[in-house]
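Engineer: Sequence:
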Amino acid sequence: MTDDFKKWFAQEWAAYPDKAFTDKVIAQAWALKSWKAIEAARATAEQSETKLDKRAQVGNTRFGVGVKWSTVIGAAQRYHDFMNTSEKEGERIKNAKAFMDVLTASNQPDAPVTILDQVWNILMDQKQPHLAVRMNDALKLLDDAIKSQQDAAIESGESS
402 MTDDFKKWFA QEWAAYPDKA FTDKVIAQAW ALKSWKAIEA ARATAEQSET KLDKRAQVGN
462 TRFGVGVKWS TVIGAAQRYH DFMNTSEKEG ERIKNAKAFM DVLTASNQPD APVTILDQVW
522 NILMDQKQPH LAVRMNDALK LLDDAIKSQQ DAAIESGESS
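Heads up, the working numbering is the position in the sequence shown plus 401, with the first residue counted as 1.
Keep in mind the hints are simulated off the structure, nothing from the lab. A virtual CB, placed ideally from N, CA and C, is assigned to each residue, including glycine. Careful: at least some of the hints might be erroneous.
[To be verified] Ranges of calculated distance between the beta carbons of each label pair, as one might list FRET restraints:
(1) Asp538 to Arg463: 22 to 30 Å
(2) His481 to Thr445: 24 to 32 Å
(3) Asp502 to Asp538: 17 to 25 Å
[To be verified] List time: in silico EDC-like cross-link candidates among lysine to aspartate or glutamate, alpha-carbon distance up to 16 Å:
(4) Lys437 to Asp405
(5) Lys437 to Glu488
(6) Lys434 to Asp405
(7) Lys469 to Glu440
(8) Lys469 to Asp482
(9) Lys407 to Glu440
(10) Lys425 to Glu413
Start from the sequences and build out the full structure, keeping to the hints where you can.
Structural biologist: What follows is the structure in structure tokens.
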């Protein structure tokens with residue numbers, strides 16, 4: 402018998418209401434048999450737990466092939482808790498509102514043509530240059546697509 406089992410059984414036996422009708426030795430024998438079966442099932446489950454077949458990343462933490470999924474999921478949950486504090490959520494909402502203000506302003510007839518510069522500045526102010534570069538590239542692609550559609554419409558004789 403393990404010490405964990407002995408501690409557990411002592412607690413359970415102390416709380417058991419029908420001691421007068423139950424033999425302690427028999428109860429302990431049945432409990433130990435069940436304990437061993439549960440421990441064996443737990444050990445088998447730990448061995449057969451699904452593991453990564455590709456590398457994964459959560460935040461800045463990378464996980465290699467063979468790491469248990471539960472380890473990666475636990476890291477994702479801790480990262481979520483870390484990233485979603487009320488202060489960070491308020492900052493995210495403030496930044497999103499500022500971004501929406503820029504987009505809304507760009508829909509006005511007298512809006513400046515420098516929306517890319519405005520988006521770039523907002524993302525740089527958030528100290529997220531990687532997002533600024535991606536957003537800038539995406540907006541330039543969109544701008545190029547719009548210009549090519551306008552050029553095609555002009556060439557075909559349509560006006561927009």
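Engineer: Please name the hints from earlier in the document that this structure breaks, with their numbers sorted from lowest to highest.
Structural biologist: Failing hints, ascending: 5, 7 and 8.
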